[in-house]
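Chemist: With these hints in hand, go ahead and build the complete structure from the sequences.
Protein chains: 2
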Amino acid sequence: MKKYLENINKAFESRARLGIMSVLMVEDRVDFNTLKETLQLTDGNLASHLRALEDAEYLRVEKQFVGRKPQTTYQATEAGREAFKNHLDALEQLILSNRQNE
Amino acid sequence: MKKYLENINKAFESRARLGIMSVLMVEDRVDFNTLKETLQLTDGNLASHLRALEDAEYLRVEKQFVGRKPQTTYQATEAGREAFKNHLDALEQLILSNRQNE
Chain P
67 MKKYLENINK AFESRARLGI MSVLMVEDRV DFNTLKETLQ LTDGNLASHL RALEDAEYLR
127 VEKQFVGRKP QTTYQATEAG REAFKNHLDA LEQLILSNRQ NE
Chain D
67 MKKYLENINK AFESRARLGI MSVLMVEDRV DFNTLKETLQ LTDGNLASHL RALEDAEYLR
127 VEKQFVGRKP QTTYQATEAG REAFKNHLDA LEQLILSNRQ NE
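Chains P and D are the protein sequences, given in the same order.
Numbered by the working numbering, the letters in the first sequence go through residues 67 to 168 in order.
Numbered by the working numbering, the letters in the second sequence go through residues 67 to 168 in order.
Just so you know, these hints were derived from the structure itself, not from any lab.
Where hints are given, some of them may not hold.
Derived CB-CB ranges, DEER-like [said to hold, decoys possible]:
1) 68(P) x 98(D): 10 to 20 Å
2) 95(D) x 138(P): 50 to 60 Å
3) 100(P) x 131(D): 32 to 42 Å
4) 134(D) x 109(P): 53 to 63 Å
5) 165(D) x 94(P): 32 to 42 Å
6) 100(P) x 126(D): 37 to 47 Å
7) 109(P) x 76(D): 32 to 42 Å
8) 106(P) x 117(D): 25 to 35 Å
9) 102(P) x 103(D): 16 to 26 Å
10) 162(D) x 131(P): 37 to 47 Å
11) 131(P) x 109(D): 45 to 55 Å
12) 98(D) x 100(P): 40 to 50 Å
Pairs of lysine-lysine, DSSO-like flavour, derived with a Cα cap of 27 Å [claimed, not checked]:
13) 151(P) x 69(D)
14) 68(D) x 76(P)
15) 76(P) x 151(D)
16) 102(P) x 129(P)
17) 151(P) x 76(D)
18) 151(D) x 76(D)
19) 151(D) x 151(P)
20) 69(D) x 76(P)
21) 68(P) x 102(P)
22) 151(D) x 102(D)
23) 69(P) x 76(D)
24) 129(D) x 102(D)
25) 69(P) x 135(P)
26) 151(D) x 69(D)
27) 102(P) x 69(D)
28) 135(P) x 68(P)
29) 69(P) x 135(D)
30) 68(P) x 102(D)
31) 76(P) x 102(P)
32) 102(D) x 135(D)
33) 129(D) x 76(P)
34) 76(P) x 102(D)
35) 135(P) x 102(P)
36) 76(D) x 102(D)
37) 68(P) x 68(D)
38) 129(D) x 102(P)
39) 151(D) x 69(P)
40) 76(P) x 135(D)
Using N, Cα and C, we set each Cβ at its ideal position, and we do this for glycine too.
Modeler: What follows is the structure in structure tokens.
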């Protein structure tokens with residue numbers, strides 16, 4: 067297989083996960099509703115992608131109380147940032163390789 | 067949702083489909099075994115991704131005989147080439163937008 071394809075990370079394949087990670091690369095901590103509105107996903111869909119990224123240890127979930135209200139925030143881990151950068155590099159290689167052949 | 071995310075095409079999300087389309091952008095007609103070896107996919111996995119791309123009318127399947135042997139080849143359609151280029155452009159926007167924020 068071509069090298070750049072090997073480096074494409076299945077954990078980030080879907081548009082939803084590309085979107086989630088793109089948001090978390092910029093914002094330190096993001097809550098569920100902000101992600102939901104930014105990415106226009108349903109609750110169930112967003113939750114399942116967040117869980118997959120948490121299982122891969124690419125993001126960290128924090129539950130806390132703001133006054134009496136529970137608030138859940140999401141934050142990219144160092145491993146998540148690193149892995150996402152590598153994924154973007156692999157996508158860039160794919161794009162470059164396709165453009166060379168045009 | 068951010069514009070570049072909207073333009074990411076779900077039909078090309080998986081690594082396998084990125085690989086298939088990358089090959090078909092360069093080679094005019096490719097047979098099953100060449101794709102299988104190039105992308106290192108199982109028969110079932112490759113067949114199911116090819117079927118999805120055929121259903122989307124992004125590739126065309128041709129069955130013919132070479133001597134007495136049946137041969138199946140795959141070819142990107144004009145719509146497939148156009149859609150794949152748009153997908154790569156959207157990925158490029160995603161990458162650029164992430165790099166700006168580093």
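Chemist: Each hint needs a verdict: does it hold in this structure or not?
Modeler: How the hints compare with the structure:
no.	hint	verdict
1	68(P) x 98(D): 10 to 20 Å	holds (18 Å)
2	95(D) x 138(P): 50 to 60 Å	holds (51 Å)
3	100(P) x 131(D): 32 to 42 Å	violated (58 Å)
4	134(D) x 109(P): 53 to 63 Å	holds (57 Å)
5	165(D) x 94(P): 32 to 42 Å	violated (18 Å)
6	100(P) x 126(D): 37 to 47 Å	holds (43 Å)
7	109(P) x 76(D): 32 to 42 Å	violated (20 Å)
8	106(P) x 117(D): 25 to 35 Å	holds (29 Å)
9	102(P) x 103(D): 16 to 26 Å	violated (42 Å)
10	162(D) x 131(P): 37 to 47 Å	holds (39 Å)
11	131(P) x 109(D): 45 to 55 Å	holds (53 Å)
12	98(D) x 100(P): 40 to 50 Å	holds (45 Å)
13	151(P) x 69(D)	holds (21 Å)
14	68(D) x 76(P)	holds (22 Å)
15	76(P) x 151(D)	holds (21 Å)
16	102(P) x 129(P)	holds (17 Å)
17	151(P) x 76(D)	holds (21 Å)
18	151(D) x 76(D)	holds (14 Å)
19	151(D) x 151(P)	holds (22 Å)
20	69(D) x 76(P)	holds (23 Å)
21	68(P) x 102(P)	violated (35 Å)
22	151(D) x 102(D)	holds (23 Å)
23	69(P) x 76(D)	holds (23 Å)
24	129(D) x 102(D)	holds (17 Å)
25	69(P) x 135(P)	violated (48 Å)
26	151(D) x 69(D)	holds (16 Å)
27	102(P) x 69(D)	holds (16 Å)
28	135(P) x 68(P)	violated (50 Å)
29	69(P) x 135(D)	violated (33 Å)
30	68(P) x 102(D)	holds (12 Å)
31	76(P) x 102(P)	holds (22 Å)
32	102(D) x 135(D)	holds (19 Å)
33	129(D) x 76(P)	violated (32 Å)
34	76(P) x 102(D)	holds (19 Å)
35	135(P) x 102(P)	holds (19 Å)
36	76(D) x 102(D)	holds (22 Å)
37	68(P) x 68(D)	violated (30 Å)
38	129(D) x 102(P)	violated (45 Å)
39	151(D) x 69(P)	holds (20 Å)
40	76(P) x 135(D)	violated (36 Å)
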